[in-house]
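Novice: Sequence:
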Amino acid sequence: MSKIVLKFSRSNRIYRPSEAVEGKIVINSLSSISHHGIRLSVNASVSLQVRGGSAGVIESFYGAVKPITIVNKSIEVKPSGKIGSGTTELPFTIVLKQTGEKSLGRFYETYHGTDVSIQYLFTVDIARGYLYKSLSATMEVIVESDKADVLERPISPEMAIFYITQDTQRHPLLPEIKSGGFRVTGRISTLCSLLDPISGELTVETSAVPISSIDIHLLRVESVLVGEKIVTETSLIQTTQIADGDVCRNLTLPIYVILPRLLTCPSVFAGPFSIEFKVFIVISFQSELSKLHKKSDPRTPRLWVSISQNFNVEETYLFAS
1 MSKIVLKFSR
11 SNRIYRPSEA
21 VEGKIVINSL
31 SSISHHGIRL
41 SVNASVSLQV
51 RGGSAGVIES
61 FYGAVKPITI
71 VNKSIEVKPS
81 GKIGSGTTEL
91 PFTIVLKQTG
101 EKSLGRFYET
111 YHGTDVSIQY
121 LFTVDIARGY
131 LYKSLSATME
141 VIVESDKADV
151 LERPISPEMA
161 IFYITQDTQR
171 HPLLPEIKSG
181 GFRVTGRIST
191 LCSLLDPISG
201 ELTVETSAVP
211 ISSIDIHLLR
221 VESVLVGEKI
231 VTETSLIQTT
241 QIADGDVCRN
251 LTLPIYVILP
261 RLLTCPSVFA
271 GPFSIEFKVF
281 IVISFQSELS
291 KLHKKSDPRT
301 PRLWVSISQN
311 FNVEETYLFA
321 S
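Just so you know, the sequence shown maps onto residues 1 to 321 in our numbering.
Treat each hint with caution, since some may be false.
Each pair of labels, with its calculated beta carbon distance range [what the hints assert, rightly or not]:
id, residue 1, residue 2, range
1, 195, 22, 19 to 25 Å
2, 237, 129, 44 to 50 Å
3, 312, 165, 19 to 25 Å
4, 158, 271, 35 to 41 Å
Rather than coming from a laboratory, the hints here were simulated on the basis of the structure.
Where a beta carbon is used, it is the ideal one built from N, C-alpha and C, also for glycine.
From just these sequences and the hints, can you work out the full model?
Specialist: As structure tokens, this is what we get:
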């Protein structure tokens with residue numbers, strides 16, 4: 001039995017398009033193998049999918065939209081011959097974006113979403129003819145923007161000042177909140193680097209009803225062009241709790257949300273698709289109704305159970321000099 005593995009020079013497998021991706025193909029075999037050539041290929045594309053939700057019957061019928069090809073190239077690592085038994089290591093070097101080379105599409109950063117996915121896949125194939133099964137292995141690398149394609153440091157995060165009161169909510173509230181008053185103030189970053197957290201601060205000034213929890217919800221907004229219609233889906237990426245229980249009044253609470261790399265990317269506004277991000281600040285109360293609705297959608301707060309505020313987050317990837 002033979003086993004083939006792709007090993008890259010960087011353990012995190014993070015590269016920029018103009019950098020050389022180096023590594024080695026490791027082949028373990030109990031006996032010698034005759035082959036018709038060993039090739040390494042790179043296939044990168046933007047996969048678009050309509051999964052339902054806000055999609056209509058016609059959009060759901062189409063399902064997968066034609067992917068957008070970014071890179072499609074291959075190199076010969078070893079010509080036809082024989083590989084001996086034991087462990088064989090074959091080094092390789094390949095550049096995703098050669099200087100002066102015309103690429104098939106724009107180099108977007110790696111992103112794993114719900115309806116939009118951007119992946120850079122490396123595949124090694126060992127052809128063995130009709131009588132034997134070919135050997136292959138696939139590994140994904142993480143691609144980030146080149147320095148020339150991003151803003152230069154230093155840059156200060158854009159901070160949005162917010163006020164959350166009973167008058168800023170568009171859904172029914174508990175009578176105690178409306179009569180007793182409610183006010184939360186603070187600030188939160190709406191422009192940040194993927195390397196840095198979403199930061200800010202929050203202060204509960206007044207709340208007539210005891211608070212149960214204060215959470216930060218990070219959501220993605222993916223839009224896909226299907227025919228002449230744009231289908232938009234919003235989904236939750238992660239939830240970060242910044243307070244548990246009834247917090248002290250006029251106490252400043254820090255907001256610190258670490259971004260999950262593969263689930264986020266710089267905001268993209270392309271023709272066939274777009275990727276944006278939103279942050280929801282959700283404040284839940286200790287009430288009898290909240291016990292009946294333990295699970296809530298941050299996009300549509302349960303009646304009388306919580307108060308929320310949302311912000312658009314533009315993520316721009318920056319590199320340290």
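Novice: Does the beta carbon distance between residue 312 and residue 165 stay inside 19 to 25 Å, or does it fall outside?
Specialist: holds, 21 Å
Novice: How does the Cβ-Cβ distance of residue 195 and residue 22 compare with 19 to 25 Å: does it lie in that range?
Specialist: holds, 24 Å
Novice: Can you let me know if the beta-carbon spacing of residue 158 and residue 271 is within 35 to 41 Å?
Specialist: Hint violated: Cβ distance 26 Å, outside 35 to 41 Å.
Novice: Does 44 to 50 Å hold as the CB distance between residue 237 and residue 129, or does it fail?
Specialist: holds, 47 Å
This entry does not satisfy hint 4, going by the numbered hints stated previously; all others are met.
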